[in-house]
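Protein chains in written order, with this note's numbering: chain A, 508 to 1013; chain B, 338 to 639; chain C, 3 to 358.
Careful, some of the hints might be misleading.
What the hints assert, rightly or not - Taking CB as the label site, the calculated pair distances span: (1) A/Arg872 x B/Trp633: 44 to 52 Å; (2) B/Asn565 x A/Ala832: 33 to 41 Å; (3) B/Arg637 x A/Ala946: 41 to 49 Å; (4) A/Ala887 x C/Asp230: 22 to 30 Å; (5) C/Leu16 x B/Asn565: 54 to 62 Å; (6) B/Leu621 x A/Thr518: 54 to 62 Å; (7) A/Asp829 x C/Val211: 28 to 36 Å; (8) A/Asp991 x C/Asp230: 37 to 45 Å; (9) A/Phe519 x B/Trp633: 44 to 52 Å; (10) B/Trp633 x A/Ala563: 57 to 65 Å.
Calculated directly from the structure, the hints in this document are not laboratory data.
Please read these numbers as outputs of a predicted model, since none were measured by experiment.
The C-beta atom is built at its ideal place from N, Cα and C for all residues, glycine as well.
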Amino acid sequence: MHAALKDIRVTFGPLIAVDSVSISIGAGEVHAVVGENGAGKSTLMNVLFGLIRPDAGSIEIDGKQRNWTSAQDAIRAGLGMVHQHFMLQEQMTVLENIVLCGEPVNRFGFVDFKGARKKLAEGFKEHGITIDLDATVSDLAVGQRQVVEILKMLYRDARLLILDEPTAVLTPQEKDRLFGILRSFARSGRSIIIITHKLDEVVEIADRVSVMRGGKLISTGPLKDTSKDRIAREIIGGDLPPPIKPLARAPGETVLSVKGLVVKSRDTSVGPLSFDVRAGEIVGIAGVSGNGQAELIQALAGLRSITSGEIALSGNRIDRLDVAARRRAGQSYIPEDRQRVGLALGATVAENANAGRDDVSGFVRGPFLNRPAMARYARAIIDRYRIKVGSASALASTMSGGNKQKLVVGRELTRETPLVIAENPTWGVDIGAIELIHAELVRMRDAGHAVLLVSTELDEILRLSDRILVMYSGSLSDEIAAADADRNRIGALMTSRADAALRNVA
Amino acid sequence: MTVLDLLFDASFLASVPRFVTPILLAALGGAICERAGVFNIGLEGMMLTGAFFAVVGAYFSSSAFVGALAALVSGALMGAIFAEFNLRRGGDSIVVSIAINLLAAGLSTFLLGAIFHVAGAFNDPAIAGLEPVHIPLVEDIPVIGHVISGQSPLFYLALLLVYALHVFFARHRLGLRIRAAGENPAALTAGGVNPLWVQAIALLMCGALCGLAGAQLSISNVNLFVENMSAGRGWIAVVAVLLTRGRPWPLFFIALLFGAVDSLSFRVQGVGLPQQFTDMMPYLATLIVLTALSWWRMRRQA
Amino acid sequence: MTVRSESLFSGDLLPWIYTLAWILAILFGLMLLVNAPFGDALSGFMAGAFGGRRWAYLMATLSRATLIIGMALSVMISFRAGLFNIGGEGQLVAGGLVSALVAILLPGPPLLVLAVAILAGMAAGALWALLAGVLYIYVGVPLLVGSLLLNFPIRYIASYLVAHPFRDVQSGMVQSHLVPEGTWLAYFPGVRLDVGILFIVATSIFAIVYSHTTLHGYRARLNGLSADFARAVGLPVTRLTLQTLATSGAIAGLVGAIAVFGIHHRYIDGMLVQPLYAWTGIITVLLVGMIPWLVPFSGFFFAAIQTGAAGMERSAGVPKDIALVMQAVIILFVASRVSGAILSSQNKAKGGDDGA
C-alpha cells in the first residue's frame, strides 16, 4: 500500500500539534517517524488512522484521496494501528480479542470461532508466529500481548501497519522477534510505520526516516542519506546534552539496607531480596515493568506489608513502621503515578507542596493553617524547579505532565532526606523536565544522599546509576558497576534468571 | 414448630421460586449492565415501574400476557431514559440511578391516582394474573414436584435466561462487545465500534428484565399493585450483581439464597415474631452474606 | 473516587432554556393527564408553598427546608471526601429515635435533658455511619451498598420500638410519648417555625471554616481528593475516613433531633422516612454540583416543590407525588447539564497527561 499525508495541520485550541506536515510511505517499506515526546508524531499517525480529523491537509491511499470519519473507515481501507497503550481486553482470550469488532458471524449473530482459527493458522505459518489462542490476555507477557495486537491487524488484512513506540516495553530479545515479524510483513508487501524515539532501532530496521520536532517536519528521506548523530541533533534541535559525570568521591555509609525481603500477595511472590544503598551513590534497579518492582517499592515506602525480611534506614529497623514514621525516619518517595499517588489534583499547588512536609509548625498557627507560609514554601519549589504554573493557588490539575512531575520531585527532594526512592521519575515527561529532574537527582547524590532509582527506562538507569541491579520475576541479579554496564548483558538479565543469563554472555 | 420443620416443609419449598424470580430476573438485567460497564443501581425503580405497568396492561386488556409485555416495555423505557441521561448527556450513573428510583416511585404513585383514582393500592378482580404452568408428570414427584411445576411462567423464563445469558456472553457478537465495553471501551472505539451504543442496548435489556421482575410481583405473586411494591428487592438484586460480578451461574445461586430467605421471612411471620423483625430479615441476610463474602475476598487478596 | 465541584455556569444560556422547556413540558403534560385546572393548580401550588393564614404554609416549607438542608450538609461532607455514603436515612432515624428516647427516659432539668438528648442523637447517627465505615475499611464491603443496606434494619428497629415497648398506647397511633415540654425548641417570635434552623446554620459555618482553615480539615480534604496520595505522603487515611463518616452521621443525627424537638415533639413511626428527607438531601447536593453556598437555595427549592405539590392536591386534585416526579426529572436534566462529571463512580476517568 502506498500512503501519503499532505500538509496535515492539527491544532488543539491554541496549541499547534502538527504544522503542515507531508510524509509518504511506499509499499513494502519500513518507515520510522522519530521525535521526542510532544513532537506530534502520535498525533500525526492518529490522523492517518482516522482517530483525529485534521484542521487542514489530505490523506491519499494508493493515489486516491480519502476522508476518514472514524477509525473504522481506515480499518476498512486496510490500515492498522498498534497503540503505545495496548487496546486489549485483559479478561478475554487471545482469539476473542483478535476477532472483536470484526467478528465473523452467522445469521443470528453467533461468532464463528472455528473459521477465525483457520484463517489465523495461515498467517501464523507465513510469518512464523506462535501463540496460544485460548490463553487469557492477562496471563501473557508484554511481548506476547503485542503479538496479539499485531494479529488483530493481520486478521483484518491490514496492508499498512502503524506501531506507536512498539519497543518501549520489550526486552531486547522480544524486540528482535518483533523486528523479525515486521521484516516478514514488509517482504509480503505490507507497509510499516514505526513511531519511536530510539535511534538504535531506527538504524536497525528502517528504510526511510522522518524527523519531527515541535509539530513540524524537520527532515524525511532514506536512512542511508542520514546518520544517527544527525537524526539526534534534528530531534533535539541543538547539541546533545552532556553526559552525566560520575562522582569523584567514594560512597559513604550504608543508608538503606534490605535483607531477605519477601513480599507475597495472592498471585505473586517477590524476593528474597537483599541490597544496600549508600550515601553519595545512585543505585539503579532496571527491569521490565511487572517483575516485582512495584511490590518492592511499596514495601519500602510502607504502602504494603512484608512477609519476611528486614529493612533498615541508617541502621534503624523500619519494616514495622507506617508511612509517616518512615518518612520521618528519613526517606522520601517519588511515585510513578503522579496523577493518583503523587498529587491530589483537586487541591492547589500550595496545598500539594505542603502535604508531605515534616515541620508542621512551619505552616500552622495553632490548629489553623498558615496560608501565607504555605504559599511561600510552594513558591520556593516552583522557582527552583522552574515549574510553569499560574500561581501557588492554582489547582494542580491545571499543570502539564512535566510540571506535575517537577512538583512531585520538588516536594520530595526539598525534604533533603538521607534516602530518596525514585520510581520512574521521568515517565511521560518532556525533555526539558527530564534534564532538570536528572540533574537534581545527581545533585542529591553529590551532596551525600542515597538515591534508589527504579526505572523501566534502561537509558535512564544507564545514565544515572553508579551501580545497577536488574529485577526479573521477583529476584535481583548480582550488581553491575556503571563502567561495566552494557545494554545486551542487562537485556539478557531482564528476561531470564541471572545464572542462566550469565552463561549466555560471552 | 422448629426452624427445621419450616424448612423441610414441602409447601415452603414450593413457595421459594415465587420469591427467587423477581430477584433473579432483576439481577440478570443488572448483570448485563455490570458486564457492559454501566453502573446501574436503579434496578429498584425499574422493577417498580414494571410492577405498575404490568397491572395497567393486565387490567385494561384483561390479558396477563399483555401485562407482562407492558412491564417489559415500560422497564425498557426506563432503561432508555437511563441511557439518554447517562450515556448521551454524560450524567453520572449514580445520580441517574437515584433519579430513576425516585422517578419510578413518584410516577407509579402519581399514575395510581391519575389512572385508577385510588391511593395506596389498586386491587381489582379485573387484573388478569399470570397462570401458573403445570408440567404433567413432574407435578407428581413428591416434595419437589410442586417446586418445579406449578410456578409462574416468568420463573421458567428466568431459569432459561441464566443459561442463555451464559451462552450469550461467550459466543454472541453482542455479548462479546458488551464484555469489551465493560472492560476496555477505548479498545472498542479503536476498533471502530462505539461502546456507547453497546451500553445503550445493555440498558434496554436490563430495563426489560427488571420490568418483568416487577410483573412477577404484581401479576403473579399477587394480583394487585401497592405503593413501593418492589420493597427493596431491587437493592438485593444490586448486591447479588455486585457479589458475582455479573456472572450468570453464580448469580443464580445467590438469587436462590436471597429468594429463600425472603420466602422464609414471609413464612416466619406466622410464628409470633413481630412484623418488623420479619421485614428486616431479607436485608439482614443480604448484609450478612455481603459481609461474609467481602471478608473472605479480602483475606484471599492479602 | 474523586469528586470535583465544577462551575454550573460555564457555557451558554441556550442549553438551559431547552432544559427548562423540557421540564415545563413534562410538568404540564402530567397535569393535563389528570385534567387539572391550571389556574387552580398554580394558585394552589403557590399557596401551599409560600402562603397560608399567617404564613403557615411558608413556615412549613421553611421547616421542611431546614431538615433537607441539614441532610444535604451531612451528605456533602461525605461526598466531597469521595465517600459515597447514602446511609443518611438510617443515620437520621438513629439520631431521631435515640434523642427522643433519651429525652423521654432521662430525668433532669429540661435544657440539660435537651442538650444530652441532642448529643446522644448525634452520637447514634455517628455510630451508625461508622458501622458502614468499619464494614468498608476492615471487611471490604463497598460503602455505597453497605450504607444503603443499613438503612433498612434501623428503620424497622425504630418502628418496632415505638410500636411496642415505647409506644404511647393512649394516643392510638404508632408513636412514642411526647418529649418533655421543656425540651421543645422555641419558635421564632410570631411564627410557627422552630429555631432548629439556627443549629443547621451554625453547623454549616463550622464545617466550611473547619475544612479550609484547620490542619485537620486540610488533611481530611486531601484524603478525600485522593486516598492513594494521602497514604503515600503519610496521612492517617483510615482515621480520616472514619472521622469524616462519623461527622456525616452526627449531622444526620442532629437533623433527626431537630425534627423531634422542633416539629413533632415525639418520635412517630415513619416521620423521618416518609418525607424522604435523606434522599432529598442527596439530590439537593447533586443539583448544585456540591457548591456549598448554593445548597440552602437548592434545599429550599425542593422543600417548596414538595409543600407546593401538597397545596396543588388540595386545590386542584393533582396527586402530590407529582413533586417526586418533577424532582427526579429536574435531577435528570440538570445533574447531567452541570458541566463535567460531578462524581466519578466506579471507573475513574484517567486524567489527561502529556502525550507524544
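Here is what the structure says about each hint:
The hinted range of 44 to 52 Å is satisfied by A/Arg872 and B/Trp633, whose Cβ atoms lie roughly 48 Å apart. Between B/Asn565 and A/Ala832 the Cβ separation comes to about 52 Å, which falls outside the hinted range of 33 to 41 Å. A hinted range of 41 to 49 Å holds for the C-beta pair B/Arg637 and A/Ala946, which are about 45 Å apart. As the Cβ distance of A/Ala887 to C/Asp230 is approximately 26 Å, the hint placing it in 22 to 30 Å holds.
Between C/Leu16 and B/Asn565 the CB atoms are about 38 Å apart, so this pair departs from the stated range of 54 to 62 Å. In this structure the supplied range 54 to 62 Å holds for B/Leu621 paired with A/Thr518, their Cβ-Cβ distance being about 60 Å. Judged by the Cβ atoms, the range 28 to 36 Å given for A/Asp829 and C/Val211 holds: they are separated by roughly 30 Å. Our hint of 37 to 45 Å for A/Asp991 and C/Asp230 holds, since their Cβ atoms are close to 38 Å apart.
Between A/Phe519 and B/Trp633 the C-beta distance comes to about 48 Å, which sits within the given range of 44 to 52 Å. Range check, B/Trp633 to A/Ala563: Cβ separation about 59 Å, and the 57 to 65 Å hint holds.
In summary, the structure is inconsistent with hints 2, 5 from the numbered list given earlier, while agreeing with the others.
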